[in-house]
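So the protein lines, in turn, are chains C and V.
All residue numbers for the first sequence refer to our numbering, where the first residue is 88 and numbers rise by one.
All residue numbers for the second sequence refer to our numbering, where the first residue is 22 and numbers rise by one.
Watch out, some of these pointers could steer you wrong.
[What the hints assert, rightly or not] Only pairs whose alpha carbons sit at most 25 angstroms apart, straight line, appear in this in silico DSS-like list of lysine-lysine:
1. C:Lys129 with V:Lys76
2. V:Lys132 with V:Lys110
3. V:Lys36 with V:Lys110
4. C:Lys129 with V:Lys132
Bear in mind the hints are in silico, worked out from the structure with no lab data behind them.
Model, not experiment: these values are computed from the prediction.
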Amino acid sequence: MADKEKIARQFIEAIPHSRALGMRLADMADGKATIDMPFDEKLVGDPETGVIHGGAVSALMDTCCGAAVMCHPDNLGSTATIDLRIDYMRAATPGQRIRAHAECYHVTRSVAFVRATATDEDAENPVAAATGAFTVEGAK
Amino acid sequence: MRAPRRPPEPVQVVKQRRDATLRALVDGVPYIQFLGIEFERRGDELTGILPFDQKLIGNPLLPAIHGGVTAAFLEVTSIITLSWTYLWKDVESGAIDAEGLAKGGMPRLPKTIDISTDYLRSGLPRDAYARARIVRSGRRYASVHVEAWQDNRDRLFAQATGHFLMPERRE
């Protein structure tokens with residue numbers, strides 16, 4: 088079991104795009120994951136306000152949800168996104184890191200249903216929320 | 022007696038104004054530059070292009086484009102198409118100052134309320150294309166459907182529906 092988690096962790100940390108965005112895996116176990124993404128000027132979506140682009144938050148949410156599925160005890164292999172919906176609740180404060188937390192709230196033999204939230208340094212007021220369905224590789 | 026009709030503008034003047042407006046919209050956004058997204062224009066029709074790059078990979082074993090990159094590409098294509106459509110009338114009438122736009126007088130961009138992405142097949146390590154269709158655009162809200170494909174236009178690898186808050190008109 089510990090081995091599976093280690094492999095999943097290495098897999099997440101090796102994703103080229105996640106590395107390009109500077110993502111850091113804070114926690115990953117039992118179908119839950121937390122990932123941080125530091126603020127960077129290159130992620131800005133609105134030059135007038137300096138607010139980070141929604142797409143960068145999507146990438147963080149997708150990675151975090153995938154990490155949660157990969158470390159769920161019922162999933163024996165990798166995973167792929169079937170669908171992901173993101174609600175943007177407020178603009179992230181420029182200069183602050185974004186933290187995503189994802190958790191599998193239901194897992195069947197073939198599908199994992201995942202919920203996630205993203206917050207900046209004001210942890211009480213989420214920046215975005217996501218729900219998604221991901222593929223599961225169960226025992227044959 | 023009819024009033025004399027204004028002669029049509031020379032084609033290069035019209036094209037210059039359209040292209041300058043599009044460039045101002047796209048070049049001003051750091052995240053669009055980071056992903057390397059470009060736009061091609063045929064009349065008023067825009068196609069988003071995402072040239073493949075190693076840093077876009079999400080699954081190195083397959084390899085496949087990161088799902089977050091796909092979502093971002095669809096969202097960027099929606100926002101640029103919405104802004105472009107919203108500016109089109111002013112571009113055509115000549116009311117828009119393309120030079121001013123390039124110097125930082127960028128119009129406010131629509132804000133994403135929500136976006137829901139369907140992943141239909143894995144994104145291959147090659148260029149991707151996307152086109153957005155504005156399903157409905159009111160004064161404050163807009164609903165956009167966007168499709169992305171790679172080698173074959175008929176084999177979509179992702180699609181999305183998003184809702185956007187439109188900027189208030191500047192006088």
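Each hint, compared with the structure:
| no. | hint | verdict |
| --- | --- | --- |
| 1 | C:Lys129 with V:Lys76 | holds (14 angstroms) |
| 2 | V:Lys132 with V:Lys110 | holds (21 angstroms) |
| 3 | V:Lys36 with V:Lys110 | holds (14 angstroms) |
| 4 | C:Lys129 with V:Lys132 | holds (18 angstroms) |
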